[in-house]
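Go ahead and model the full structure; you've got the sequences and the hints to work with.
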Amino acid sequence: MTLIEDLKAIVGENAYRTDPDDLLPHVTEWRGVVHGQTPILLLPADTSEVVRIVRCCAAAGTAIVPQGGNTGMCAGAVPDESGTQVVLSLARMNAIRSVDRDNYSMIVEAGCILQNIQDAARKAGRHFPLSLGAEGSCQIGGNLSTNAGGINVIRYGTARSQLLGLEVVLADGTIVNSLRALRKDTAGYDLKQLFVGSEGTLGIITAAALKLYPDPGETRTMLVSLPSSGDAVKLLGLMRDSLGDKIEAFELVSDFVFSLVEKHVANTRLPFRQRSPWYVLTDVTPGSSTDALETTLQRAVDARVINDAIVAKNETESAAMWRLRHSITEGEKAEGKALKHDISVPLSAMQEFLLRGEALIESLAPGSQLVAFGHVGDGNLHYNVMLPHSFKDGEAVTAGIYTLATELGGSFSAEHGVGRLKSKYLPQYRTESEVALMKTLKKALDPANILNPGKVI
5 MTLIEDLKAI VGENAYRTDP DDLLPHVTEW RGVVHGQTPI LLLPADTSEV VRIVRCCAAA
65 GTAIVPQGGN TGMCAGAVPD ESGTQVVLSL ARMNAIRSVD RDNYSMIVEA GCILQNIQDA
125 ARKAGRHFPL SLGAEGSCQI GGNLSTNAGG INVIRYGTAR SQLLGLEVVL ADGTIVNSLR
185 ALRKDTAGYD LKQLFVGSEG TLGIITAAAL KLYPDPGETR TMLVSLPSSG DAVKLLGLMR
245 DSLGDKIEAF ELVSDFVFSL VEKHVANTRL PFRQRSPWYV LTDVTPGSST DALETTLQRA
305 VDARVINDAI VAKNETESAA MWRLRHSITE GEKAEGKALK HDISVPLSAM QEFLLRGEAL
365 IESLAPGSQL VAFGHVGDGN LHYNVMLPHS FKDGEAVTAG IYTLATELGG SFSAEHGVGR
425 LKSKYLPQYR TESEVALMKT LKKALDPANI LNPGKVI
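If you're matching positions, the sequence shown starts at 5 in our numbering and goes up one per residue.
Keep in mind that the hints were calculated from the coordinates and are not lab data.
There may be inaccurate statements among the hints.
[As the list claims (entries may be wrong)] Below, in silico cross-link-like pairs of lysine-lysine (BS3-like), each with a Cα-Cα straight-line distance of 27 Å or less:
1) Lys446 - Lys428
2) Lys317 - Lys267
3) Lys428 - Lys396
4) Lys337 - Lys267
5) Lys428 - Lys344
6) Lys127 - Lys317
7) Lys396 - Lys344
8) Lys267 - Lys344
9) Lys396 - Lys267
10) Lys267 - Lys341
11) Lys337 - Lys396
12) Lys317 - Lys238
13) Lys428 - Lys443
[Stated by the list, open to error] Label-pair ranges, simulated between beta-carbon atoms:
14) Gly16 - Ala63: 14 to 24 Å
15) Ala63 - Ala324: 50 to 60 Å
16) Glu298 - Ser52: 51 to 61 Å
17) Asp23 - Glu298: 56 to 66 Å
18) Asn181 - Glu298: 44 to 54 Å
Remember, predicted model here, so these are calculated numbers, not experimental data.
Glycine included, C-beta positions come from ideal geometry on N, C-alpha and C.
Laid out in structure tokens, this is it:
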């Protein structure tokens with residue numbers, strides 16, 4: 005039998021795809037920027053089938069590209085153009101194995117849709133805080149593989165912080181099972197964290213033990229208009245002084261970005277009569293009193309940090325505000341292609357980055373349109389740039405933005421990973437010793453380089 009026939013036999017009938025039309029969504033990055041080829045997409049039903057697939061491919065020296073919901077921004081889950089790499093989708097491995105209400109934990113398979121995990125936690129009277137725009141289609145294995153962030157990092161941390169244990173299949177088919185749902189466990193190296201953010205290059209995540217939290221109840225949503233982007237950092241400082249850790253989310257969005265949403269996404273509208281250059285969308289938990297929030301807003305108005313504020317009166321108004329935020333990617337995509345920059349800087353440097361960044365873009369590519377939004381509460385900005393039609397090469401713009409972020413103590417990749425699109429920047433913006441250690445780990449765990457080759461390093 006050939007390798008392809010062997011792989012078909014492992015997963016069984018109806019659990020593989022070879023037709024080009026069926027394969028197209030799995031070999032194309034969701035924005036349509038990067039395209040690859042594969043002879044077959046495999047849909048294993050359980051970890052034992054993943055093990056057999058990996059061993060079969062290892063024996064043949066064939067590369068494997070693990071894939072979740074394929075919602076990533078850096079082409080980390082699509083094959084290259086060689087047509088030789090096998091795509092392994094975790095979509096069928098979508099069971100919630102257990103929910104331990106008393107231990108505030110749950111064990112889920114890698115193919116679980118993020119929204120389904122949130123719903124299962126809520127049904128048990130608990131809260132799973134990881135939340136991002138693609139939560140209706142992204143999978144937890146991919147979230148962990150890229151160390152996804154989202155809107156609630158300011159309070160709960162990234163995907164890494166939600167993890168208690170992992171089940172991973174290594175490049176030789178060995179299963180590393182550390183699905184212990186423990187908060188404290190200092191027995192040796194913390195192996196599970198090796199695989200978070202590794203984008204499937206060190207092992208294939210098949211299941212995870214996750215942290216749950218008390219249900220925060222209804223949050224209070226507020227949309228605020230600002231005179232300038234730097235006022236967002238001042239507002240966050242005022243809110244933290246009075247509300248402490250009750251801030252669930254704190255999102256900065258430019259007026260231009262919201263205008264794209266209103267233009268391209270039906271039934272969306274900013275609730276302000278007068279436009280402002282920038283806006284902040286924030287959620288606070290009910291533990292903060294109305295008086296504390298109103299006092300904070302009044303202080304912000306007195307200090308001329310904000311122009312206006314609207315507090316949602318009910319869930320419908322809150323959902324409408326958050327729909328504006330979650331539709332940004334859709335609106336941006338409909339407007340046209342943009343250079344994507346997922347950067348982070350210390351909060352203390354955010355205002356300087358925004359001011360210097362605008363000047364930098366204008367000097368490098370006059371007439372460009374800045375598409376800026378992000379989780380400014382944790383220092384992460386999606387600093388995207390739409391170039392003029394006459395401007396063909398955006399490499400200098402991208403390099404300039406990454407250099408500026410690094411100069412200010414930041415990172416060229418905050419929550420989207422490195423994947424295929426950013427791999428060339430890793431040696432430029434990470435130290436030689438850091439990159440060398442990454443290569444050492446890759447060589448030790450995947451000496452034949454069959455796990456997602458060409459990604460990260």
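Verification of the supplied hints:
1. Lys446 - Lys428: holds, 17 Å
2. Lys317 - Lys267: holds, 26 Å
3. Lys428 - Lys396: Cα-Cα ~20 Å, so holds.
4. Lys337 - Lys267: This hinted pair holds, its Cα atoms lying about 12 Å apart.
5. Lys428 - Lys344: holds, 15 Å
6. Lys127 - Lys317: Judged against 27 Å, a Cα distance of about 25 Å means the pair holds.
7. Lys396 - Lys344: Between Lys396 and Lys344 the Cα gap is close to 15 Å, so the pair holds against 27 Å.
8. Lys267 - Lys344: holds, 20 Å
9. Lys396 - Lys267: holds, 26 Å
10. Lys267 - Lys341: With a Cα-Cα distance of about 16 Å, the restraint between Lys267 and Lys341 holds, given a limit of 27 Å.
11. Lys337 - Lys396: With Cα atoms ~18 Å apart, Lys337 and Lys396 stay inside 27 Å; holds.
12. Lys317 - Lys238: holds, 25 Å
13. Lys428 - Lys443: holds, 14 Å
14. Gly16 - Ala63: 14 to 24 Å: holds, 20 Å
15. Ala63 - Ala324: 50 to 60 Å: holds, 55 Å
16. Glu298 - Ser52: 51 to 61 Å: holds, 58 Å
17. Asp23 - Glu298: 56 to 66 Å: With a Cβ separation near 59 Å, Asp23 and Glu298 satisfy 56 to 66 Å, so the hint holds.
18. Asn181 - Glu298: 44 to 54 Å: At roughly 51 Å between Cβ atoms, Glu298 and Asn181 fall inside 44 to 54 Å, so the hint holds.
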